[in-house]
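Trainee: In case you want the letters, here they are:
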Amino acid sequence: MFRTIVWMQWKSTRALVLLTTIAAFALPLFSLKLGLNNYSPVGFVTTMQTVGSAYSILAALAGLLVALAAWRADHAGRHVYALSLPVTRPRYAMFRFGAGLLFMLPTVAAMLVGCLMVTFSGVIPEGLHAFPISLTLRFALATLVAYSIFFSISSSTNRTAGIIVAIIAGVIFAQYLLTVFGDNRQTVDLFDQLSKFIFIRPGILSVFSGRWMLIDA
Amino acid sequence: MSFAIETKNLNCRLAKSFSITDLSMHVPERAVYGFLGPNGSGKTTTIRLLLGLLRPTSGNIAVLGMQVPDQSAAVLARIGYVPERLHLYPSLTVGEAMRYHSAFYPTWDEPWANEMTRQLQLDVTRPISVLSKGETGKLMMLLALAQRPDLLVLDEPTDGLDPVVRRDILGLLAQYVTDRQATVLISSHLVHELERICDWVGLMDHGRLVAELPMMEFKTGLKRLRVSGAPDSLSGSPFTLLVRERGNGVVEEWLVRGWTPSMQQYLESAGASLREVIDLDLEDGFVEMLRASRRAE
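Here the protein sequences line up with chains L and C, keeping their order.
The opening residue of the first sequence carries number 1 in our numbering; numbering runs sequentially from there.
The opening residue of the second sequence carries number 1 in our numbering; numbering runs sequentially from there.
Because the hints were derived from the structure by calculation, they are not lab data.
Fair warning: there could be bad hints in the mix.
Unchecked claim - Residues on chain L that point at chain C, a partial pick, calculated with CB under 10 Å:
| hint | residue |
| --- | --- |
| 1 | Thr88 |
| 2 | Arg89 |
| 3 | Ala93 |
Claimed, not checked - Listed below are several chain C residues computed to face chain L (Cβ distance under 7 Å; list not exhaustive):
| hint | residue |
| --- | --- |
| 4 | Pro56 |
| 5 | Leu64 |
| 6 | Leu76 |
| 7 | Ala77 |
| 8 | Tyr81 |
| 9 | Pro83 |
| 10 | His87 |
| 11 | Tyr89 |
| 12 | Ser91 |
| 13 | Tyr100 |
| 14 | Ala103 |
| 15 | Phe104 |
In this text, a Cβ means the ideal position worked out from N, Cα and C, and glycines have one as well.
One chain only, chain L, in its complex shape (with noise of 0.2 Å):
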């Protein structure tokens, strides 16, 4: 049963599997070439910690990607076709989210090839280290992160959807209230508390902040 919905779901993901394990082959090379352009290590670690943000962002794209694709063939036909079926709920979310994962790796191999190519090209800078491993079990996590959050959002009804934008609308709209009407002084912003609480350690999406860095002093 699992090896059908693996096979039904690639059918749906391949081409953004295909897209995504490109972008994360090329990635680390493309981030190497940019650091050849300088010809300071200095300079050169600056331009790795300039890309290092990139590698977050492809980790957050290729999770939104893999874990829409998952759920793409249900929505079309309102779940209908997948409730019907003799599975339990929980069971049949296991086997999609098992399956969307499986389609991670590709991704996640094709960053590590990607690395240990510019590890050992033999072009760093003298005193600098590459980090192949680590960065790339970090691309690993994140991915992760991003694919089972997105997965969960995009397996939820219209309702959640709806609350969710609710909520973002209402900490603008609050944030809003505050600017306008609070104290100059003391106005509290709401974005930068929220995004402290989300994105600095143990926050849900602290694998996303921080230096994403392949070469390092």
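Based on the hints, put chain C in the right spot on chain L.
Mentor: Showing chain C alone in chain L's frame:
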């Protein structure tokens, strides 16, 4: 009598303006049960409740002796379901859809399914997204039957299909029911279509089950009577008086259920005179019962 489907006081509120109310239905084992009702009467919602796709607000559902929604997965393994709209994945081809579907049903009959694709002239290499309405209808019925279910739940399976395809699909269904002694719940608003194949009828309106009776009783016992000189109230009537309307002069028109010719004596003993007994076909009966139920609301 044992029932393949039995609900007790089922309630489900989906919106402010629509709910299934106090639904108690009984589908006998091995019966072909026609689930009639106008559009929006609650047939599809009831079917979704029976399959565990929706959760009731209150009440009890037993399907094939198991409780729904608690044992939905086990129940669904023995049910062939054809929904009113295409529910299959459009990116799959006909052959792929069969392969996918078969993975969930250990009882899947591969040789029969292959034979049927040839008989129904379904091209296994064609994507579902490009199938005509008739081909889609055939495929959905094929999938439901090839899993060899004990119970078939068909939600308007022939709606919008041309007569040839409709006949193909109903022929397939009739053959299966004869061979396997399966129970069928088939919803439709095409009354004449059900008249030929059903032995029980349930009539839905405004989320309520208005009537539930054997087809024979529905066809033969529902009459329009033209009566004169009847007293204002009838006591101990052997038939059910659904509607009583004044016609021209002293003649009244009655819609009755459970009528047999011997009941004429009862009318005469009550001082009434029976002028005419008019047979109603199923569609007339359907319309009249709906009217009667709406008047009673």
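Trainee: All hints are to be evaluated individually against the structure, with a verdict given for each.
Mentor: Hints, one by one, checked against the model:
no., hint, result
1, Thr88, "5 Å, holds"
2, Arg89, "9 Å, holds"
3, Ala93, "13 Å, violated"
4, Pro56, "15 Å, violated"
5, Leu64, "12 Å, violated"
6, Leu76, "4 Å, holds"
7, Ala77, "4 Å, holds"
8, Tyr81, "5 Å, holds"
9, Pro83, "6 Å, holds"
10, His87, "4 Å, holds"
11, Tyr89, "4 Å, holds"
12, Ser91, "6 Å, holds"
13, Tyr100, "5 Å, holds"
14, Ala103, "4 Å, holds"
15, Phe104, "5 Å, holds"
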